[in-house]
Amino acid sequence: MPATISPETASPPGKSHKQVTMVVTRSMYKRAAALKSAPPKTVLSPASVAEVQPVAGPSKPARPVRRERSGVTVRDQIQIKDSRKRYLLRQMKSRAKGHTQGLWCSVVIGNIDASFSEEVIRGIFQDCGRVAAVYLRCIGAGPTLAPEARWYATVSFTTPTGALRALRKHDSTWQGKRIIVTGSVCNLPELSLRPSFQAEKQPPRRLPLKLEETWSVLPDGRAVPKNHVEEPPKTWEAGPWGWINAELI
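Residue 1 is where the sequence shown starts when you use our numbering, and the numbers rise one by one after that.
Just so you know, the hints here were simulated from the structure itself, not pulled from any lab data. In this text the structure is predicted, and so the values were computed from the model without any measurement. By construction, the Cβ of each residue, glycine as well, lies at the ideal position given by its N, Cα and C atoms. Among the hints, a few may not be true.
What the hints assert, rightly or not - Computed Cβ-Cβ distance ranges for the label pairs, DEER-style:
hint	residue 1	residue 2	range
1	G183	P208	49 to 59 Å
2	T73	A32	45 to 55 Å
3	L167	R75	44 to 54 Å
4	T73	R95	32 to 42 Å
With these hints in hand, go ahead and build the complete structure from the sequences.
Right, here's the structure in full:
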């Protein structure tokens, strides 16, 4: 219910007193209570207001973090790519190690004779690496088209690095012989044919085209072979036992 306040106001002398009535509603009461509970406002002087300068804000609001369709941020995408590169690099290194282990570890020594023993060959390649085995072989004179037998050796190393170092010994002189160091037996000169037995490469020859007349045309318009001999027509006569050739009678 609204409250009624009737204060008595003093009137000047010679005038009658009046009664003033003011109605206070519930909303007005709540507003007055809120004003009493609020902290007092700070009143700034004109000088302090002049000292405060406005700060310019950003022209555009800060953008949210860009995301991919999958919901992963760009930073996460970069980290995933870097980790994938590192994984592929580790795989390549492991494959390279396996490839090195599977390389050919043997070399072939050519242009040697029977004076090259296993001990001599081991001494030639002792600074290249550990020699696993040495095999001496002889090529006969027949299949190689050579007047005498030829010798060559196969040297096996424990690592491919030793075989690569052994190739540097190519064309070096040992015991008066310039040895040949290669990776395949097919590169030895003993297995190659002589130039006289090799087929010479010649350009193809073009044979001239010859036209020969094989048919002849007779005056009556008939076409007969060139060497055809025209026989005279035969005459036939009727006999008692049938037709007979008149030329045979």
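Right, here's what the structure says about each hint:
Our hint of 49 to 59 Å for G183 and P208 holds, since their Cβ atoms are close to 51 Å apart. The hint said 45 to 55 Å for the Cβ distance between T73 and A32, and at roughly 54 Å that hint holds. Roughly 51 Å separates the CB atoms of L167 and R75, a value that falls within the hinted 44 to 54 Å. In this structure the supplied range 32 to 42 Å holds for T73 paired with R95, their Cβ-Cβ distance being about 33 Å.
Every hint from the earlier list agrees with this structure, and none is contradicted.
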